[in-house]
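**Student:** The chain contents come next:
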Amino acid sequence: MILDATVDGRTIRVEVRGRAGRYTVVLDGRSLEIDARETGRHFLSLLVDGRSHEAGLEKRPGGYTVVLDDDVVSVDLAEAAPGAAPPARRPSGPTRVTAPMPGRLVRMLVAPGQDVAAGQGLAVVEAMKMENELRSPRAGRVREIAAREGQAVDAGAVLLVVD
Amino acid sequence: MTGRRFGKILVANRGEIAVRVIRACREMGIRAVAVFSEADRLALHVRQADEAYPVGPAPSGESYLRIDRILEATRASGAEAVHPGYGFLAENPAFARACEEAGVAFIGPRPESIALMGEKTSARREAVAAGLPVVPGTLEPLADDEAIAREADRIGFPLMLKAAAGGGGKGLRLVTAPGGLRGAAERARSEAKGAFGDDRVYLEKAIERPRHVEIQVLADTHGNAVHLFERECSIQRRHQKVIEESPSPFVTPELRERMGALAVALVRRVGYVNAGTLEFLVDQDRAPWFLEMNTRLQVEHPVTEMVTGEDLVKLQIRIAQGERLPFRQEDLRQRGHAIECRVYAEDPDQGFLPSPGRILALRAPGGPGVRDDSGVYEGWEVPVHYDPLISKLVTCGYSRRDALLRMRRAVSEYKVLGIKTTLPFFARVLHHPAFVAGDVDTSFVDGVFAEADRGRDRPVEVAVAAAALAAFRERQASRPSPGSSGPARSPWWEAGLRDAQGGRAG
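Those protein sequence lines, which keep their order, are chains A and B. Residue 385 is where the first sequence starts when you use my numbering, and the numbers rise one by one after that. Residue 4 is where the second sequence starts when you use my numbering, and the numbers rise one by one after that.
Next comes chain B alone, as it looks inside the complex:
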């Protein structure tokens, strides 16, 4: 397949990542084909694509996860390749195989690699064989309570319960004592069953106050493999990343070089092709422990792009076209610093409960060094059916401090009305002394931050003044002659704010 050029690519995803891939296609002169569920007819990725095909009802099991319907859309559109994004079918070896059998290029690793590295316990075995240190735990998936209890006893507490087929924090539980094991296992297995159709779990010893650091890798079909340095992903809530950055303020040049070499060793051992990420926990003594490999493009890939100057999606496409990597390891450098905040439709004041609904108003930030990878627009309704990530806000600068100050500025400019988002949460995290110092571990959000956040000062005076003025202006607008007292039965709060626009005063 060397020298092949794609004329048309189908993007088997939705939301911000579908928009991201479509943008890369358009910049490369490749036509982009979107697929959409019934809930996503008006989604941004459908509007931005060159072509779009429906693939079924709103639940992802009946649309974005339907291999047959995605391939039918591929046939109908005549696309020569499929980009799976992340989530959905991205790490499903059966999908990669089905693409191969249909004569369509899958923009990602080979099906065998997805199967081998996607199943967490076989990935751990390969890592051990490639010389990577792994967190002590079970090497086989467990499917019954008795085996889970026995293994837990052997490994000791605290431990992590994880879905064998998992990712994205789903089916993941921290268990601190034997008493909590049964309930946590039940919850993890039911969540894993729902998310992945596979309720097997495995156990790992929990590392105290770990940093979550991952290494980006790229490999072509000609035997070339490089790493693109690390991303620091320690700011998590519910075991899901919310802020990522590169470089990691915790990683020394020696550790960076060592982790990169370990990552490339594993990539070479399994003959991995295309983009992938190796996740490590780094303990307080700066010892790295291999956790798992993600055989896909990562949500947080933009921070790597900002510091290396490389476009990972375009490189994925070029690798799938059979091209050689256009650089060697020694050509790659980290320049400056980049930070990403994941803007979720969630209410940070209600334990990050999802907050779907219509986006009443949206003002995105701009200016130097700001990148907003969004999948939404004003007036659109964020559906309840899918992941609540609406945008990734990324800033870069010459130093970590530059990127951080720029992110504070960008978060202030970003305004979303109609749904709750994680933006105000970011505004406070970005001012927290521990985050400013780069001294955070994965317990930061639930521990030191939650503690400091409880007694925070809120801009009550300005908020009350703004609300009272809005109410007052609305009443004035609905009653043109001031001073006359209106009917008591039509209070101001029943009139729409929209109506107030008509009678707007100077």
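With the rest of the complex left out, here is chain A:
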């Protein structure tokens, strides 16, 4: 199986073959012999050239969140089209800013048509007893405000659109 794995915007071609616990994983052309066994639901024990790693694997749409000893890494996986180069990252376009958790929209800090810088505060959402400022993921212009102040919002609800 050949996959394109994307971490932090960088895409790595990865090939996996083998069975019954013993696998060959080719990462960007480098070949690793890996002994991988389940150690309970959601966990794999990996032996890579004698080095032991315990990986927690949390499946999510489009890939896995991998919980390692000292870090958590989000890996997007896509089937690689045979012979094709890794796909380019998504080009810029309208970006929807969504509520990261259920809560209440306390304040909208920007207005439609306003230019915003990357990292600029856009809205304040109250959840779990704290007011959290949502920051702009990119520089752009506020195209649309999709929620009003005081409104209860669900996780994933679109609050505004920046393009």
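Note that these hints are calculated values from the structure, not bench results. Heads up, the beta-carbon is just placed ideally off N, CA and C, and yes, glycines get one too. Some hints here could point you the wrong way.
Computed footprint of chain B on chain A; a stretch qualifies when at least three of its residues, placed anywhere within it, have a C-beta under 8 Å from a C-beta of chain B [unchecked claim]:
| hint | region |
| --- | --- |
| 1 | 438-445 |
| 2 | 452-458 |
| 3 | 479-486 |
| 4 | 524-537 |
Non-contacting residues of chain A with respect to chain B, defined by C-beta distances greater than 10 Å in every case (computed) [stated by the list, open to error]:
| hint | residue |
| --- | --- |
| 5 | Ala420 |
| 6 | Met492 |
| 7 | Ala495 |
| 8 | Gly497 |
| 9 | Gln498 |
| 10 | Ala502 |
| 11 | Asp547 |
Put chain B on the given structure of chain A with help from the hints.
**Tutor:** Same frame as chain A, now just chain B:
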């Protein structure tokens, strides 16, 4: 009430602190009664208690903050005492008074002490009278923009805006210049209103690069008062503590003795009873400035327990039973070193945004010198309604270095799936040279650490290999004959990982 023995205690709280108090009760042979909101029927504290009573819907204003319902549960259960934990009703004098009037012992200070020391400006006045140095600021709470602007002008910038009824970093804002005052005041007052039902604020001069050091005190009803040394709480994010330790690497024996004596002086002046904590800022010249008093058990009390060998919750209960403190000041010692990391359901890579949800898998660390005060379990859903603290991980050792190395090891062992936690953040803080050297102030997380953290190396290779192997194994499991190509319309990522277990190969 001397000589009284409680047979049953109601714990008016939830989460890890409710579990902590229930454990103390059980170890003392006291029956523990839990209360729970509709969102907490399956919470750990309900499962561990001897009895449990519902107190209302999920929002804390309709359940854990309802004095009438908590007292109704107390009556129904026949509990003789109430332990309030921290937060919720712990520092509400009306609750302590209502308990008293209902003939139930409140395990904490007297209502007058809570009112006097809980209101931050009157606490500052008492501290001044007891001879404690206080940070320059307003001695009265302020409720309108004009008064706030006038006082800010007098004190000067940078300054801190704080909720008069506050605590836990809520309603707290640093204002560096006059231009930011109005917006910060608006935000602080709205947050304070929501959290405490009181939008009054006060101002304090901001001390540059302060250390946050606090002194634990205990006093009984017979006039005995001691301190249990200091806790260093300088590792904060959003003005909330995330790592605490005892002893403080910054505090000298002379400063320790001085701060302890100041704390006991204030306790004696106000006739304080039970456990409490005096918070100080210590400036770069090691001068302590009294900040506020917390009239309750502190979240980070375990580090004090680990170095003194005393159980603060049991002592709280014994004091409320009218017993004398079982030791004098000269009997108490700090032995070794303890560190606590607060494991929050928050995403450290997204500015510590809360991350509620179901805990898919949980592996807690063990071994020598490790204590995990957790309030959660695998399969449980962390509710959105409450504070996102899920556990306090504490390690101890002969030296700070021992405790630190042990904490690195324990953090590595700790695995939580399904929600984001502050654990990977701790793994990196524990390796940062400034933290290793004990040379941190309250600006560490947002300043020097954030800077160093931006370009960090991530274990990408192992992560990608693990993810690709999981995907590959899942596909193999769903297609028993390898080599045959599966239907394109059922890609591997739509099959549940759970399903893969059935066809697991050798």
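**Student:** If a hint holds in the structure, say so; if it doesn't, say that too.
**Tutor:** Evaluation of the provided hints:
| no. | hint | result |
| --- | --- | --- |
| 1 | 438-445 | holds (count 7) |
| 2 | 452-458 | holds (count 6) |
| 3 | 479-486 | holds (count 3) |
| 4 | 524-537 | violated (count 0) |
| 5 | Ala420 | violated, 5 Å |
| 6 | Met492 | holds, 14 Å |
| 7 | Ala495 | holds, 16 Å |
| 8 | Gly497 | holds, 21 Å |
| 9 | Gln498 | holds, 16 Å |
| 10 | Ala502 | holds, 14 Å |
| 11 | Asp547 | holds, 22 Å |
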